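Q: Protein chains in written order, with my numbering: chain A, 979 to 1110; chain B, -19 to 104.
In silico lysine-lysine, DSS-like type, Cα no more than 30 Å apart, as pairs: (1) A/K1098 <-> A/K1004; (2) A/K1098 <-> B/K59; (3) A/K1072 <-> A/K1009; (4) B/K59 <-> A/K1072; (5) B/K59 <-> A/K1031; (6) A/K1072 <-> A/K1098; (7) A/K1072 <-> A/K1004; (8) A/K1081 <-> A/K1009; (9) A/K1004 <-> A/K1031; (10) A/K1009 <-> A/K1031; (11) B/K59 <-> B/K81; (12) A/K1081 <-> B/K59.
Since the hints were made in silico from the structure, they are not lab data.
Bear in mind the structure is a predicted one, so any value in this text is a computation, not a measurement.
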Amino acid sequence: MTRFDYDYWPFPVATADAAVSQKDDKVLFLKSAYDDGYESFRFGINDYGARSKEREGCMLERGRNRWEIRLAEGQQRRLLAFVNSFSAAGEAVKQWLGGACAKEIAQNISSSLVTPPGAKASHIITEEDSPT
Amino acid sequence: MNVVEESSDNLGHWFARYGDDGAEIFSARLLNGTDELGIAWTENVRQIAPNIAEVQGAMGRNIPRITGTASDGLEAAIKAGRFNSDLYARQLSRHLGGQWKVEAVRRSGVSNEIWDIIATRIGG
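Could you put the whole structure together from the sequences, leaning on the hints where they help?
A: Written out as structure tokens, the structure reads:
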């Protein structure tokens, strides 16, 4: 796998897998999203994502304990947020795929939000969601 | 405060620089088996080359390749045509030695906009 390829779940997780172990929260995310009917994947060095037909969420590793969440609907970014745990990022992505709006997700992860040095804010909601 | 060696994980060895408040202002992982340096975060892109030079100094050998994902701010610069790859290549040459090629590549295969930054040492 190169840095530009994607590992789509389910992929084999060997004992010596370079990125994840069976009990790892990343595997739990990949498996949970897949079991919920979404396409879940790993990419880059240690980045993750999942998508439905209309929505996609990606989690970028931004330090030893920091993750950046990017939620998109089609090509439109709706939320960019930084959190201090992978599990919070994974929950945000799953809520997004489940139909939650960006503002609601930002509230749900508020206790995990962090502002990395140099970033303007802990989160940016790009566009208000239309009421459903 | 200097760049310090941190713990290893199953992907590689972490290096970090901390601000006065203890927050990571630069963090990168030296990947196992490749000597590729994956940049996770930098507070200031202008400080990235000196920080990488400290990692290279700690390694005791040349870093051949550096990768990372553009932050929101850097992404805006790329889209506005203000990402000067030649400037970053020159900064890497000055701090790390050798000649460098720097590219910003829009990642395909995802609907989220993600830009990969790839710096490659030319000629070993």
